[in-house]
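Residue numbers (this note's numbering), protein chains in the order written: chain A, 1054 to 1168; chain B, 55 to 162.
Hints are computed from structural coordinates only; laboratory data are not their basis.
Note that this is a predicted model, so its numbers are computed, not measured.
Don't be surprised by glycine CBs; every beta carbon is placed ideally from N, CA and C.
Don't take every hint at face value.
[Said to hold, decoys possible] If the Cβ cut is set under 10 Å, some of the chain A residues that face chain B in the computed set are:
no.	residue
1	1090
2	1150
3	1162
[To be verified] Some but not every residue of chain A turned toward chain B, in silico, with C-beta under 7 Å:
no.	residue
4	1130
5	1152
6	1159
7	1160
[As the list claims (entries may be wrong)] Capping the alpha-carbon separation at 25 Å, the derived lysine to any residue pairs in SDA-like fashion look like this:
no.	chain 1	residue 1	chain 2	residue 2
8	A	1153	B	79
9	B	57	A	1091
10	A	1153	B	107
11	A	1153	B	146
12	A	1062	B	99
13	A	1153	B	105
14	A	1067	A	1137
15	B	154	A	1137
16	B	57	A	1067
17	A	1153	A	1056
18	A	1062	B	146
19	B	154	A	1117
20	B	57	A	1062
21	B	154	A	1154
22	A	1153	B	133
23	B	57	A	1056
24	A	1153	B	153
25	A	1067	B	95
26	A	1153	B	80
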Amino acid sequence: NAGVTQTPKFQVLKTGQSMTLQCAQDMNHEYMSWYRQDPGMGLRLIHYSVGAGITDQGEVPNGYNVSRSTTEDFPLRLLSAAPSQTSVYFCASSLLAGTKANEQFFGPGTRLTVL
Amino acid sequence: DAKTTQPNSMESNEEEPVHLPCNHSTISGTDYIHWYRQLPSQGPEYVIHGLTSNVNNRMASLAIAEDRKSSTLILHRATLRDAAVYYCILNSGYALNFGKGTSLLVTP
């Protein structure tokens, strides 16, 4: 298993540009989510999905869109990039949604800089 | 959501045991206590979790107080590769509420 994969590893955008961060998992996990991590801080939840076709907002959803058309993929779209979105983005997945005992598996992250 | 409190940083010598404390005084009866760690420039990595009883796995042990208001992650023999930020998290089943965690420094 490749686990959770993310592309690209690094990205530089100009203010106002749009882009999609890719996330895929090959473990048939029901739950997937996106976090962002700003320097010296813990991770904050952006959006999550409890299954194909179902998404919901997390703590910091503004400026981001998600969709979940397949179990495997959960892309994160930046609609109009702003310098405040400069961060490291992590995708995570776990086997079952809403189960407090489940561990989450994280991808290696995408480091995004918005100029 | 119930929150956790951890020291900002701790230091240990290599090959010595490390006890990382966590307070969670507002924990609910169904909250699981999870620990993750994040090595430099990597994504978080699951370490261990528990509900009421102490737990052991190949990475660490988790000691949970009888009243569940605190817990301790135990690394039995710290190595340089254990230098990371350790997060104590109460799993709600969806979002993991990462605080700032404890930054563990391991010195040779």
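Hint check results:
For residue 1090 (chain A), the suggested interface contact is upheld, since its CB lies about 8 Å from the closest CB of chain B, less than 10 Å. For residue 1150 (chain A), the suggested interface contact is upheld, since its CB lies about 7 Å from the closest CB of chain B, less than 10 Å. This hint holds: residue 1162 (chain A) has a C-beta 5 Å from the nearest C-beta of chain B, less than the 10 Å allowed. Of the supplied interface hints, the one on residue 1130 (chain A) is violated, with its beta-carbon coming no nearer than about 20 Å to a beta-carbon of chain B, more than 7 Å.
A least Cβ separation of about 6 Å between residue 1152 (chain A) and chain B falls short of the 7 Å threshold, and the interface hint therefore holds. Among the interface hints, the one on residue 1159 (chain A) holds; its C-beta lies about 3 Å from the nearest C-beta in chain B, closer than the 7 Å criterion. Hint status for residue 1160 (chain A) relative to chain B: holds, with the closest Cβ pair at about 6 Å, below 7 Å. As the CA atoms of residue 1153 (chain A) and residue 79 (chain B) are separated by approximately 18 Å, the hinted pair is consistent with the 25 Å bound.
Between residue 57 (chain B) and residue 1091 (chain A) the CA atoms are separated by roughly 20 Å; this keeps the pair inside 25 Å, and the hint holds. Pair hint residue 1153 (chain A) plus residue 107 (chain B) holds up; C-alpha atoms about 15 Å apart against a cutoff of 25 Å. A distance of roughly 6 Å separates the Cα atoms of residue 1153 (chain A) and residue 146 (chain B); the hinted pair therefore holds under the 25 Å criterion. Between residue 1062 (chain A) and residue 99 (chain B) the CA atoms are separated by roughly 18 Å; this keeps the pair inside 25 Å, and the hint holds.
Simply put, residue 1153 (chain A) and residue 105 (chain B) have alpha-carbon atoms about 10 Å apart, close enough for the 25 Å limit, and the pair holds. At roughly 12 Å between alpha-carbon atoms, residue 1067 (chain A) and residue 1137 (chain A) fall within 25 Å of each other, so this suggested pair holds. In summary, the hint linking residue 154 (chain B) to residue 1137 (chain A) is supported, as the alpha carbons are separated by about 20 Å, within the 25 Å threshold. This hinted pair does not check out: residue 57 (chain B) and residue 1067 (chain A) have alpha carbons roughly 37 Å apart, beyond 25 Å.
For the proposed pair residue 1153 (chain A) and residue 1056 (chain A), the alpha carbon gap of about 21 Å is at most 25 Å, so the pair holds. Distance hint between residue 1062 (chain A) and residue 146 (chain B) is unfulfilled; the C-alpha atoms sit about 29 Å from each other, more than 25 Å. Note on residue 154 (chain B) and residue 1117 (chain A): the hinted pairing holds, with a Cα-Cα distance of about 24 Å set against a maximum of 25 Å. Straight-line distance between C-alpha atoms of residue 57 (chain B) and residue 1062 (chain A) comes to about 31 Å, which puts the hinted pair past the 25 Å bound.
Between the alpha carbons of residue 154 (chain B) and residue 1154 (chain A) the distance comes to roughly 22 Å, so the proposed pair stays at or under 25 Å and holds. A distance of roughly 30 Å separates the Cα atoms of residue 1153 (chain A) and residue 133 (chain B); the hinted pair therefore is violated under the 25 Å criterion. For the proposed pair residue 57 (chain B) and residue 1056 (chain A), the alpha carbon gap of about 29 Å is over 25 Å, so the pair is violated. Under the criterion of a C-alpha separation no larger than 25 Å, the hint pairing residue 1153 (chain A) with residue 153 (chain B) is consistent with the structure, at around 18 Å.
For the proposed pair residue 1067 (chain A) and residue 95 (chain B), the alpha carbon gap of about 24 Å is at most 25 Å, so the pair holds. In summary, the hint linking residue 1153 (chain A) to residue 80 (chain B) is supported, as the alpha carbons are separated by about 16 Å, within the 25 Å threshold.
Consistency note: the structure conflicts with the earlier hints numbered 4, 16, 18, 20, 22, 23.
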